[in-house]
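K.L.:
From just these sequences and the hints, can you work out the full model?
Residue numbers (this note's numbering): 2 to 156.
For the record, the hints were derived by calculation from the structure and aren't laboratory data. Using N, Cα and C, we set each Cβ at its ideal position, and we do this for glycine too. Check each hint, because a few of them may be wrong.
What the hints assert, rightly or not - Distance windows between CB atoms, simulated:
#1 V119 <-> A26: 27 to 33 Å
#2 P98 <-> S133: 49 to 55 Å
#3 I40 <-> H71: 30 to 36 Å
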Amino acid sequence: VTTLLFHIPACWTLVSVFGQGSNGAAMAISMSFWFNALILICYVRFSSSCEKTRGFVSDDFVSSVKQFFHYGIPSAAMTCLEWWLYEVIILSSGLLPKPKLETSVLSICLTTATLHYVIPAGVAAAVSTRVSNNLGAGNPQGARLSVLSGLCLWL
2 VTTLLFHIPA CWTLVSVFGQ GSNGAAMAIS MSFWFNALIL ICYVRFSSSC
52 EKTRGFVSDD FVSSVKQFFH YGIPSAAMTC LEWWLYEVII LSSGLLPKPK
102 LETSVLSICL TTATLHYVIP AGVAAAVSTR VSNNLGAGNP QGARLSVLSG
152 LCLWL
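P.N.:
Spelled out as structure tokens, the structure:
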């Protein structure tokens, strides 16, 4: 609510008073996001309800974060590279003889191919979460049932 109370006058000032138009609205949104982040930082820093979250950072935590970034950064880079190359292919198709038609067809093909990848990946993530939750709860039969239901969805 506080961010909204900040955003409305900021947007009005930038759009109407300074005459920035849509650029002013975009700047107001950016300013509101930063204002919201600042409020959240102050809340976590000074609120008594977040007192237990301000503990000392252990060496185990630092090594876990290092391991996370060791695997996470290359994974994120591969995903970004894949999506960027799709965009490069679509933009390059504009250089073909009938660019409007070629770009439309290629965009439809790539979107369809992506759809065929994203749905199984989502099912795999959901099944993986269910299996890990069941195993963590000491319920191997529930984990087995989750795997079987995932296989049924896959088929």
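K.L.:
Next, verify each hint and record whether it holds.
P.N.:
Status of each hint after checking the structure:
Between V119 and A26, the C-beta spacing of about 32 Å keeps the proposed range 27 to 33 Å intact. Between P98 and S133, the C-beta spacing of about 52 Å keeps the proposed range 49 to 55 Å intact. One distance hint, 30 to 36 Å for the beta-carbon pair I40 and H71, holds here, with the actual separation near 33 Å.
Comparing the model with each numbered hint stated earlier shows that all of them hold.
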